[in-house]
Amino acid sequence: TQLLEQSPQFLSIQEGENLTVYCNSSSVFSSLQWYRQEPGEGPVLLVTVVTGGEVKKLKRLTFQFGDARKDSSLHITAAQTGDTGLYLCASNFGNEKLTFGTGTRLTIIP
Amino acid sequence: DTAVSQTPKYLVTQMGNDKSIKCEQNLGHDTMYWYKQDSKKFLKIMFSYNNKELIINETVPNRFSPKSPDKAHLNLHINSLELGDSAVYFCASSRSARGGTETQYFGPGTRLLVL
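As given, the protein sequences belong to chains R and G, one line each in that order.
Letter 22 of the first sequence, counting from 1, is numbered 1367 in the working numbering, and no numbers are missing.
Letter 55 of the second sequence, counting from 1, is numbered 62 in the working numbering, and no numbers are missing.
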């Protein structure tokens, strides 16, 4: 069973600060996705990374895929209250089933 | 227009009852999924259908029975509900069954509470 560990589990920071959350596995990811889930809603895809070392930017969000494709990070610059939510990484490890990580619950304090 | 819709949004019921959750997608996707999210927010796949055929069936009690009458609908029937079935159930769809590179579109969830 492949496991995706995310850290930290909970993170609470002031608006305007920067933060980084992590996703790690002992297995190699074929590709990795990041989703954000807002309270009371379903997850929404933010990005898919495929190539080791890849960096993708989405406005204030920067996604990095580790060179060995066993880890990924999400960095948010100048956090806003709208960034509050549950951040989930997910990978299919080469099969049809998407396995989700343990999640990071992010709260941005105004 | 809502891409993936689920009904009901909330479901409160007694232990031992039978209940159904419905899901519809208007994206023209071939693949649909049911996920369960527990109280710790862990999201786990239960079933997946591709063109009305079951392709993923995780270790789920056989009290749970999915049904896909057509590509746009995937329903979930649960018999003899137990306390441990309390969770949020999400329906999702994707263009194809290619797992990790396809975008999965999630519904708003059905919050099931078994008393």
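Please keep in mind that the hints were generated in silico from the structure rather than gathered at the bench.
Backbone N, C-alpha and C fix where the C-beta goes; we use that ideal spot for every residue, glycine too.
Treat the hints with care, as some may be off.
With beta-carbon atoms standing in for the labels, derived distance ranges [said to hold, decoys possible]:
1. R:SER1357 / G:LEU61: 37 to 47 Å
2. R:THR1396 / G:VAL19: 44 to 54 Å
3. G:ARG102 / R:THR1407: 25 to 35 Å
4. G:VAL19 / R:LYS1415: 19 to 29 Å
5. R:PRO1455 / G:ASN86: 24 to 34 Å
6. R:PRO1455 / G:ASN24: 26 to 36 Å
7. R:GLN1359 / G:SER27: 36 to 46 Å
8. G:PRO15 / R:THR1422: 33 to 43 Å
With the Cβ distance kept under 8 Å, some of the chain G side facing chain R (calculated, not the full set) [said to hold, decoys possible]:
9. LYS59
10. ILE62
11. PHE97
Pairs of lysine to any residue, SDA-like flavour, derived with a Cα cap of 25 Å [stated by the list, open to error]:
12. G:LYS43 / R:ILE1358
13. R:LYS1442 / G:PRO68
14. R:LYS1442 / G:GLU65
15. R:LYS1442 / G:GLY23
16. G:LYS43 / R:LYS1404
17. G:LYS59 / R:LYS1415
18. G:LYS59 / G:GLU31
19. R:LYS1415 / G:PRO68
20. G:LYS59 / G:SER103
21. R:LYS1404 / R:GLU1441
Hinted pair LYS43 (chain G) and ILE1358 (chain R), Cα distance within 25 Å: This hinted pair is violated, its Cα atoms lying about 29 Å apart.
Outcome for the supplied range 25 to 35 Å, where the beta carbon pair is ARG102 (chain G) and THR1407 (chain R): Hint holds: Cβ distance 27 Å, inside 25 to 35 Å.
26 to 36 Å as the expected CB spacing between ASN24 (chain G) and PRO1455 (chain R), which holds or is violated: violated, 43 Å
Outcome for the supplied range 19 to 29 Å, where the beta carbon pair is VAL19 (chain G) and LYS1415 (chain R): violated, 42 Å
Satisfaction of hint between PRO68 (chain G) and LYS1442 (chain R), Cα-Cα up to 25 Å: The hint holds at about 18 Å.
Distance restraint evaluation - PRO15 (chain G), THR1422 (chain R), Cβ atoms, bounds 33 to 43 Å: Since PRO15 (chain G) and THR1422 (chain R) have Cβ atoms about 40 Å apart, the given range 33 to 43 Å holds.
Interface hint outcome for PHE97 (chain G) [beta carbon to chain R under 8 Å]: With a minimum Cβ separation of about 5 Å from chain R (threshold 8 Å), the hint on PHE97 (chain G) holds.
Given hint GLU65 (chain G) paired with LYS1442 (chain R) - CA-CA distance at most 25 Å: holds, 10 Å
Pair hint LYS1415 (chain R) and PRO68 (chain G), alpha-carbon separation not exceeding 25 Å: Not OK: LYS1415 (chain R) and PRO68 (chain G) at ~32 Å, beyond 25 Å, violated.
ILE62 (chain G) as chain R interface residue, shortest Cβ-Cβ below 8 Å: Nearest chain R Cβ about 6 Å off; hint holds.
Straight-line alpha-carbon gap LYS1404 (chain R) to GLU1441 (chain R), limit 25 Å: Answer violated: LYS1404 (chain R) to GLU1441 (chain R) is near 30 Å, above 25 Å.
Hint consistency between LYS59 (chain G) and LYS1415 (chain R) [alpha-carbon to alpha-carbon, up to 25 Å]: Violated. LYS59 (chain G) to LYS1415 (chain R) sits at ~34 Å, over the 25 Å cutoff.
The structure shown violates the earlier hints numbered 4, 5, 6, 9, 12, 15, 16, 17, 19, 21.
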